[in-house]
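The chain contents come next:
2 protein chains.
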Amino acid sequence: MFDRVALIGIGLVGSSLAHVMRREKLAGSICISTRSEETLKRAEDLNLGDAYEIDPAKAVIDADCVIICTPVGVCGDVAAKIAPNLKPGAIISDVGSVKQSVIEQMKPHLPDNVHLVPGHPIAGTEYSGPDAGFANLFENRWCILTPESETDASAVERLKSFWEKCGSEVEIMDARHHDLVLAITSHLPHLIAYNIVGTANDLEAETRSEVIKFSASGFRDFTRIAASDPTMWRDVFVHNKDAVLETLGRFSEDLSTLQRAIRRGDGDALFDLFTRTRDIRRSIIEQGQDVDAPNFGRDSAED
Amino acid sequence: MFDRVALIGIGLVGSSLAHVMRREKLAGSICISTRSEETLKRAEDLNLGDAYEIDPAKAVIDADCVIICTPVGVCGDVAAKIAPNLKPGAIISDVGSVKQSVIEQMKPHLPDNVHLVPGHPIAGTEYSGPDAGFANLFENRWCILTPESETDASAVERLKSFWEKCGSEVEIMDARHHDLVLAITSHLPHLIAYNIVGTANDLEAETRSEVIKFSASGFRDFTRIAASDPTMWRDVFVHNKDAVLETLGRFSEDLSTLQRAIRRGDGDALFDLFTRTRDIRRSIIEQGQDVDAPNFGRDSAED
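Chains A and B are the protein sequences, given in the same order. Under the numbering used here, the first residue of the first sequence is numbered 1, with each subsequent residue one higher. Under the numbering used here, the first residue of the second sequence is numbered 1, with each subsequent residue one higher.
Looking at chain A on its own, in the form it has when it is part of the complex (with noise of 0.2 Å):
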């Protein structure tokens, strides 16, 4: 697909493009960048690239395609460094879990004679860092790119083709519209986990031991999203402020109507609303977008 590849950024995402760029052979060769030395002896040692820099201005000489793998808060910064080393006609991308701020932040840095093409695949684990990266994480999984009207049809296409070989299924969508769709989806559901899972840490010790213990009764399903990468979500939140905190508005007024039908016990009220919320959970099964077993199929995997 491409003569060399730039994975700037080498957590869950980068590594895990790595692994599968490998496997489906996608680049001639594989430069890693990143900022910390340990984090690219860590990537070298696991042999995930063909050359290491820690210089990410080094690391993209030559590359038709550098796919930047930060937190999105420092996208602007890395787009700056890499500005003039960057090969005419190459492709820029990303992978970050918010678009507006990232055209934002790194359009006004690239030269005019390379492409633009933001993305975000839809998919994770709360693990992070280079040991956490895996070839099948894309399978399946929906990778969104925000290009503007204005960007060259063949880069997107190719980029497009590219994560189609990553084993995604690839939406073209406008950059505001998916930071609104990603609020709900994402942003909210991290903000709620963080903050329920938050509320159970500063309880009194003794209280707060037991809801470890007796976490299999819902809780713990939190604590999974609450140990997500914190650097990566604070970024998250400050770059999406707008649409999270419509979300979080629309979230807070439901809650509200939900606390007075408790209050007020008035159980058709909560009835009716615990048997509409079923049909999304059967939709996503349909979809193939989450495993139709009890508990996520934990059972089994604890066998």
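The hints are simulated quantities; they were obtained by calculation from the structure and are not laboratory data. Be aware that a few hints might be false.
Within a straight-line C-alpha distance of at most 27 Å, the following computed BS3-like cross-link-like pairs (lysine-lysine) qualify [what the hints assert, rightly or not]:
#1 B:213 - A:165
#2 A:87 - A:107
#3 B:213 - A:241
#4 A:213 - B:160
#5 A:160 - A:81
#6 B:107 - B:87
#7 B:107 - B:213
#8 B:165 - A:213
#9 A:107 - A:160
#10 B:87 - B:58
#11 B:81 - B:58
#12 B:241 - A:213
#13 B:213 - A:160
As the structure is a prediction and not an experimental result, all values here were calculated from the model.
Using the hints, position chain B against chain A.
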């Protein structure tokens, strides 16, 4: 353990008890009762018991242990019906997620010569009905018993031993304290999950379909919990109102603080919370209350 056990209600927990009692030979005979003829027929087809009765008053005759496995809202009615036929010295228990209300509902109906020992196995899945049960449900899970201080100690000891033979570890606890701890570990997580899935469900059709499509970014985790049995959960919120509202109050205060941090772009406050929440996950995994695998081991379940 017991000559004859009566199970009133044969959903997920009742049918799992039937399976494990058979496997571990914990009862000379099992009599099953449920108010739906169809469900009772299904239990018989699944060969879950030795006798089947629509009328709970008939089912409890000669039983030395009666376990009520219905939604908590009807346990008072069940107690009134079975009271005249209870065998002197019998243990009367249940499996409900709320304990104070169960005592208040049942105790006035029960004769003095039986032993009320309320119970709550901290185990479940989002599936319900007699087909959902399996013998391993209680394996390595806690079961909480909430007898009153004057309850016969040998009856408590006998039920404790029964649950241990079902695979559980047993904790004895005050009913009121149980209801507070479970409000945090179970009732609030379910309420939040139902609420966020409800918020998504109310979106306009196009966005709603995108939420389903891109649910692997976090949202799908919540839909599992929000697919739980509506009747059971309606009853939980109606019957544990005070503890749920108290816990919800704390959660909402914390959420307001988090909302303000996002509005102000206070990345340090966000990073601090997101780091603290990782410890609880680690403790839960160390204590064997969840699997130590990315995405709950879903990926292995999918293979």
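Evaluation of the provided hints:
Annotation: proposed proximity of residue 213 of chain B to residue 165 of chain A holds, straight-line Cα distance about 20 Å (limit 27 Å). A threshold of 27 Å between alpha carbons decides the hint, and for residue 87 of chain A with residue 107 of chain A the separation of about 16 Å falls inside it, so the pair holds. At roughly 23 Å between alpha-carbon atoms, residue 213 of chain B and residue 241 of chain A fall within 27 Å of each other, so this suggested pair holds. With a C-alpha separation of about 18 Å, the suggested pair residue 213 of chain A and residue 160 of chain B falls inside the 27 Å cut-off, and the hint holds.
Pair hint residue 160 of chain A plus residue 81 of chain A holds up; C-alpha atoms about 26 Å apart against a cutoff of 27 Å. Restraint check for residue 107 of chain B and residue 87 of chain B: satisfied, since their Cα atoms lie roughly 16 Å apart, inside the 27 Å limit. A hinted pair counts as satisfied when its Cα atoms are at most 27 Å apart, and residue 107 of chain B with residue 213 of chain B does not qualify at roughly 49 Å. Proposed proximity of residue 165 of chain B and residue 213 of chain A is supported: the alpha carbons are some 20 Å apart, at most 27 Å.
Proposed proximity of residue 107 of chain A and residue 160 of chain A is supported: the alpha carbons are some 20 Å apart, at most 27 Å. For the suggested pair residue 87 of chain B and residue 58 of chain B, the alpha carbons sit about 12 Å apart, so the restraint of at most 27 Å is met. Proposed proximity of residue 81 of chain B and residue 58 of chain B is supported: the alpha carbons are some 9 Å apart, at most 27 Å. With a C-alpha separation of about 23 Å, the suggested pairing of residue 241 of chain B with residue 213 of chain A holds against the 27 Å cut-off.
Annotation: proposed proximity of residue 213 of chain B to residue 160 of chain A holds, straight-line Cα distance about 18 Å (limit 27 Å).
Checked against the numbered hints listed earlier, the structure breaks hint 7 alone; every other hint is satisfied.
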